[in-house]
Amino acid sequence: MRLRVEQLRVEFAPPFGAAADARPAVPVDGVSFELGANQCVALLGESGCGKSMTALALMRLLPEGARVTAGSVRLDDTELLDLPEMRMRTLRGGRLAMVFQEPMTSLNPVMTLAAQLGEALAAHRGLRGGAARTEAARLMAAVELPAERLDAYPFQLSGGQRQRALIAMMLAGEPDVLIADEPTTALDVTVQAQILELLDGLRRERGMGLLLITHDLDVARDMADRVAVMYAGEIVEWAPRDALYAMPRHPYTQKLFAVLPRPERRGQRLDSLPGRVPPADAAFTGCRFAERCPRAWARCRSEAPALHLAAPGHYARCHLADPGVHDGRSGTVAQVASASAAGALGGSTAGLVHVQTSAARPPSPSAMLEVDQLAVHFPIRRGLLRRQVGAVRAVDGVSLAVHPGETLALVGESGCGKTTLARAVLRLIEPTGGTVRLGGETLANLRGEALRRMRARMQIVFQDPFASLNPRMRVQDIVEEGMAALLPHLDAGTRVRRTRELLDQVGLPADAGGRYPHEFSGGQRQRIAIARALAVEPALLILDEPTSALDVSVQAQILNLLAELQAARGLAYLFITHNLAVVSYLAHRVAVMRGGRIVEQGSVDTVLGAPSEAYTRELLASVPGWGAGVRPM
Amino acid sequence: MKPVILWSDALLLLMLAVLALTFWRLRREEALRAPWRQVMRGRMGAVSGVLLLAFAVIGLLDSLHYVERLPDTEPGQPAQYGGEVRSALDALLTPLREGVEKTYSAPFATHLYVKQAMTRADGVDVRDYPRLAHGGAHLADPASEFWPDVSRRALAGLAGGVLLWLPLWLAFGRARAGRPASPGRRAAWATLLCVMLTAGLLVALAPHYHVLGTDKVGQDVLYLSLKSIRTGLLIGTLTTLIMLPFALTLGIAAGYFGGRVDDLIQYLYTTLNSIPGVLLIAAAVLVVQVQIETHPDWFDTAAARGDARLLALCGILGLTGWTGLARLLRGEVLKLRELEFVQAARAFGVRHTRILARHLLPNVMHLVLIALVIDFSGLVLAEAVLSYVGVGVDPGMNSFGNMINGARLELAREPVVWWQLAAAFVFLFTLVLAANLFADSVREALDPRGRRR
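For the record, the sequence lines run as chains A and B.
For reference, each letter of the first sequence is one residue, going 1 to 633 in the working numbering.
For reference, each letter of the second sequence is one residue, going 634 to 1086 in the working numbering.
So that you can see chain A by itself, here it is in the shape it has in the complex (with noise of 0.2 angstroms):
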């Protein structure tokens, strides 16, 4: 078995009464590659890049508007691009499957798992009744789930389990390619290894090709033989994991690795990578990268480069990759490249357990704030009176202090109670018991004036930087109107001012203001986001999770201003995340939490060197990447 694809190009119509000039807009642009039996092949990069649009292409399966132009898929002998409707139909699901990023909408919501699995049964194995049902139960047993949840419906399953439900769909009909499409974005950091070993261990029983598209490095080394990194609809590197990971041969892609948080960065700025992904309907002359490439010279913005032959089997799209390149000035990409591979890389052999004695903050006398055993039970009603029959203990008994200056991260999965938390010290939601003293003064009691003068002293910066911005406002009323409510003395023109050095020192254009937050990039209107919340000045800012909707190099953006701030306005942060890697470069001291409680509290160093509690251990083993430097490379 060998899929290849070759010269693939997916084009976009220009929308229905554009300008006649309109150029149309070109996702996919020449993309090759091949994948063997038991092989997988991740597709890296970042959003934007023309990963999954590349897998639809595959799949036949393009968005209305969009067609495949040119180029050729080809399954052994067979052209999958020439094959009429009817037979791709049959092959979709048959010879080649696909499992999708979101696991809540992949399944038919109203048809219980078996009957779904026997839709697929019976349209690819022709089996029926008896034997549909016993073959179904085997392909349970083979992602790991029990037979007897056969009956149940997608919502009684768990994240994780339906994504193992997916993906038993997609083994019915006995693949030779599985496309999996992010299939562990959306999941918890433990639930993503689980299902990463299935699938690994599902290509090595079944012979499975396995492309895995992704954004992030770690996984893609776990779990790719070989990896193409896409940018702007281009492959720009295509070699195997050891090389690419050993030495990157592409700027690009050893930007991706340097702006990875990693521990023995801490204290230092991360590397960045200015700019965005060009839209797909940019005009290029010379190289796609050249804007934000740092070592562009005159040719990279006249001639596009060819994919050169940089090492055996380890190809980049780079002039620096051409041997016929000796220009003295910026020596060949090897040198550059080994070089900074020490530097990139040499965190991620040490893991995430890097001890750290000169970022430890001598914890300050008095804590900013402090939660003492917080809790917040949501009832649960019952029966026609709606008597109280029991509670949801989303946050049970909670106790943390935070300093001035310091950043303390609450970890832990999707459930557990962080987010529950975080409202519940705003006051948001009320809470069930417990007390919060913001810099002494207990939040509880305060209602009215108190309560509005105490909320200009803690702010909040929320995950989706596109649901946290009213998108009927313009950037500048955004940023002022907490000053506006929190801060009435300020008159029209000072806020006018504060808002613009704001906007200023979080880094965006000055005419920003006068905007909508739709002409932003998810990154830039994350810092609308923090500049409206120190619009009022605040002592505490709560952070949640505000890099994990984001690119890793805007991410790197990110934790960089919030470093900067930190040490600027010696603001104390509450960093919840699930992201481990940014806590061991971000954090002063972690807390874990799981069910609602706090299961293990301390310095980074302790908790993520030295964990105490099982749990600990086991989310930590889960990271992808950890273990990679006893790993082979």
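Rather than coming from a laboratory, the hints here were simulated on the basis of the structure.
Idealized CB from N, CA, C, for every residue including glycine.
Incorrect hints may have been included.
With a straight-line Cα cutoff of 25 angstroms, these simulated SDA-like cross-link-like pairs (lysine to any residue) come out [claimed, not checked]: (1) Lys968/B x Met104/A; (2) Lys968/B x Arg381/A; (3) Lys968/B x Phe466/A; (4) Lys849/B x Ala1055/B; (5) Lys968/B x Ser158/A; (6) Lys735/B x Val783/B; (7) Lys968/B x His518/A; (8) Lys968/B x Met998/B; (9) Lys968/B x Phe378/A; (10) Lys968/B x Glu430/A; (11) Lys849/B x Thr752/B; (12) Lys968/B x Met473/A; (13) Lys968/B x Gly159/A; (14) Lys635/B x Ala724/B; (15) Lys968/B x Val392/A.
Listing some non-contacts, in silico: residues in chain A with all C-beta distances to chain B over 10 angstroms [to be verified]: (16) Ser72; (17) Leu83; (18) Leu91; (19) Gln101; (20) Glu102; (21) Met104; (22) Pro240; (23) Asp242; (24) Ser272; (25) His308; (26) Glu413; (27) Leu565.
Place chain B on chain A using the hints.
Frame of chain A, contents of chain B only:
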């Protein structure tokens, strides 16, 4: 002549003023203008938009009311005014209004539709179809002169229509540099041409023939139909005006505050929804009717009386009609209030009223607009049905419902009088179809889910 402002006129003018003010204030907001431009760029939106505009112009002309000054007042005396309220449209349609026949006559007829006893010139009494007093009265010999006369006038009318349209198109319509011809623009101008041609035809023919025939008491059906447009438009717009405050405040408040407030509002609209709408409307209309009849001194003209009943109907439809939109808004706000920008505003201690006005209202406005435009056609049809049942507008008021109600008996008659029903049908159908297609375009442009296409 003295202008008279009926209550409905005042409300209509107020609504127009608010609309004009909104447009003027928002004209520079690119984000808000873009969807409307998209509506007018599509063929369907442009065609239905122009048609609706034509209807709106007729309705507006019909809303400029005045009373005639009576001629026989002595100088020095305070002027006396007639009791009949007329509108600008009436003035334009004077020949149609005054060209009243004895009874039914078919479209373009020169003779009455019923036989009458007449004395011929030679003194013999016969029963025959008499000539009409106005329709085709200028023809000496209808049998031979009818077709030449009609075609001559029709051609002149069409030519007039083109002549009216051409300079407008030359001045504003042609594709020029910097203003490319979109399919919508072309369709809009083609529709305008059709409207102008129809108008030209009617202007040329209507004063001399009853283009759509006459009704039982000899009134011109075209005149009745044109007068009915205002009633339909008023019901469609004023009702939403009355409904909107209820739907907005109650719907958004229910969604945002939740708890007791939500329970109360839900209880209110569930109860309201469980009462049959027609029953509620009939009861309310009867109460209003009795009030009007026991207090004739409240109204100085018949028009004012009819107007009061029309407003009452709008009010009742509005009071019973807010539940659907409120329910829609409640659901949307339930979703929005959990969004992080609302949470952020709460973390800033922004007041509830301000969160409602600044964060929630603008984000449900697209739903409101879509619902209003879709409701409009439903309300126009509701008027027709209610008037037919007898609980609609004043029987003396021109409305499509009353026309259809009158046509009920005519269809049972032998030979059938079909034109009154046909006229009401064509006008109502065009108006509602245009409104529905327009609503569709608006929905497409404003609905965030449809934006990708």
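- Output the numbers, in ascending order, of every earlier hint that fails for this structure. Violated hints: none; all satisfied.
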